[in-house]
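J.: These protein sequence lines are chains A and B, in that order. Residue 576 is where the first sequence ends in the numbering used here, and the numbering goes up by one at each step. Residue 104 is where the second sequence ends in the numbering used here, and the numbering goes up by one at each step.
One should not assume that every hint holds.
[What the hints assert, rightly or not] Here are the computed distance ranges between Cβ atoms for each label pair:
#: 1; chain 1: A; residue 1: GLU211; chain 2: B; residue 2: ALA26; range: 55 to 65 Å
#: 2; chain 1: B; residue 1: ARG87; chain 2: A; residue 2: LEU189; range: 51 to 61 Å
#: 3; chain 1: B; residue 1: LEU99; chain 2: A; residue 2: ARG428; range: 48 to 58 Å
[What the hints assert, rightly or not] Far from chain B by the CB rule (all over 12 Å, computed), these chain A residues:
#: 4; residue: LEU83
#: 5; residue: ALA165
#: 6; residue: GLU272
#: 7; residue: ASN515
[As the list claims (entries may be wrong)] Here chain A is said to cover these stretches of chain B; the calculated rule only asks that three of the stretch's residues, wherever they fall, bring their Cβ under 8 Å from a Cβ of chain A:
#: 8; region: 10-20
#: 9; region: 42-50
#: 10; region: 61-67
#: 11; region: 79-93
Since the hints were made in silico from the structure, they are not lab data. Cβ coordinates follow ideal geometry from the N, Cα and C atoms, glycine included.
The lines below spell out each chain.
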Amino acid sequence: MIAVGAILAVTGATIGLGLYGVRLARTTSDLFVASRAITPWWNAAAISGEYLSAASFLGIAGLQMKLGSGALWLPLGFTAGYLALLLFVAAPLRRFGAYTISDFAEARLRAPRIRVLAAVVVLLIAGFYLVPQLKGAGLTLGEVTGAPYWVGVLAVGAVVALNVASGGMRGITYVQAFQYWMKTFAIALPACLLLIHLGGLPERAAMFGQELPRAGDAGLVVALDEPQRVTFPEATAYAVDGVAGRAERGEELTLPAGELSLPPDAVVPVAEGIEAQTGEDWARPVESSGPSSPVFVYSLLLATFLGTMGLPHILVRFYTNPDGPAARRTTVRVLGLLALFYAFPVVYGALGRVLVPELYVTGATDSVVLRLPEAAWPGLGGELLGALVAAGAFAAFMSTASGLMVSVAGTISFDLWRGAAGVGTRRRRFRLAALGGVVVPVALALVARGLDISVLVGWAFALAASTFCPLLLLGIWWEGLTARGAAIGLVTGAVLATGAIFAGLALEDGHPTVNALLTQPAVISVPVAFAVMVAVSLADRPRRRAADAELLALHAPEGLGLGLEPDEGEVVSART
Amino acid sequence: MNRTPRDELAEATEHGGLYLRRLIRAQLGLSTVALVTFGALVGALPLALLLLPGLQDVFVLGVPLPIFIIAWPPFPLFIAIAVLYARRAAALEESFRDLVEPRD
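Please work from the sequences and hints to get the whole structure.
T.: So this is what it looks like as structure tokens:
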């Protein structure tokens, strides 16, 4: 009940602050001009707030508990992505004054038609990224209230769509900055207390030693909502709703729905798709094969490193920096803030192995962050901390999902919905797009219940890295890029990445390396997309036109009267 | 008439293009150096951990060294690279500014 109150408070605060912020912004007539007074620290907190999603809050620890320490490459990549953004994109893109990738593509290549293509890719990426946020919502609400999974998905989908449609969350920096500190506090406080707990934990062997996860001294009781297919790594007795049974070592069984109880110290059975690992195997961040194989790790690092710059809801935020150097200062601070946040999920992943082994039975390891406080401290203390993490999780997917919905609605209503329109029509289209755009992700989230949040987010990064990353890098740094090269490269990258992901879903078993590449195709799709863009642009050379004006706008330092000075920023976007 | 580098740039003459491309190349070079530094340090990590399984038996603060290495130390490293890069990039822009608009 405390948790429900905390969630409602966070949701209410987000909507309230958003609406209040819009009123504030209207009085200054221009949202963007208003936000130019914002300091790099505020901006950085806002970017981090929008970035830290269900994948960071719940997914990392969940995947770490399930697969092992290989999941720890995720936060590394999520953060390193901002280094790539800093080194190659932040300052030039801010100077150019384009604040969506579609704007950038159209203005840099002087080709209006590429805008439509970029818009389609934006929708794909945002779709892939929205699904795990909604999944997180369904999961959290279910954990807290016992409501069925679909209730949370539908509820949060509706709240976010209505919120965006009503004009709340429209790039309000202060709301997002607030969300960052809220999330960091919510994950840090229980983690610090848990670390103290870890010092006195006797079950260290199950974490890093030779042992498999076991039921505690008092045995273990697990509620199974539906029949559950499990594998018993060791022989043990068990009972479901009082009906006793015995499983042999390595036996695969389908347990009926009901209350599974295991005797004290029994090795817990694991759900389908999970491999029982000894603490030692579990603690290895890289293995020669399997889900932590080097191919997979490198592919994941590449996707996250290069994919961050292509996330549609993140780039928009950089526009609130006054100039290029400020964009750089902001990015440096983002790295610091993310480093602070990512120090903590690892604590949950490791302790979950010992304190909530029942999640191995149900396979719902994505709930580990939500479950851990109450498992560690039964009673009021645990309940309060549990409410805190639930509220933090809600802040995580509310902020990310709202940011994504703004991008989706903007893309549909502005880039894809053709035809002249006045301000009133535009606003109506934006609202309709926000309400309509949420339908597909909600439907997909209902289907994708069994997939890990981190895996789903990994796809969004792979897609962004295979499409917008080459477009941005080549567009900013290479004058030879042509519209045709960019277009064909975008299509190639998008088709390769999505094709591999869906093929991976369809193919059940296969060679481990092939599987790893299908789950995380970046290591192939990114170089191919780059190569295609360069090759087609080179072949297109006769039709190339000088891009001096664009290069000047991208790279000339401020204060020289060259390029676009900050206050003319809108010129490029409005040039259409 | 005496044309300054600024005019050349603003009028997009051949000379102006030369100045601009020199700046872009310098910036790209700097970014690449930072990227290679990052790549050498972080990119080598997975391979190093794979090839040195013995690290698994070394414990730091109660945690196996490989987990410890990837969970915390890379982050300050990112920040250090970022700070150094941002400083150098600003300096490059400053010298470009001096070239274009010499202050006497």
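J.: Check the structure against each numbered hint from earlier and tell me which ones fail, lowest number first.
T.: 2, 4
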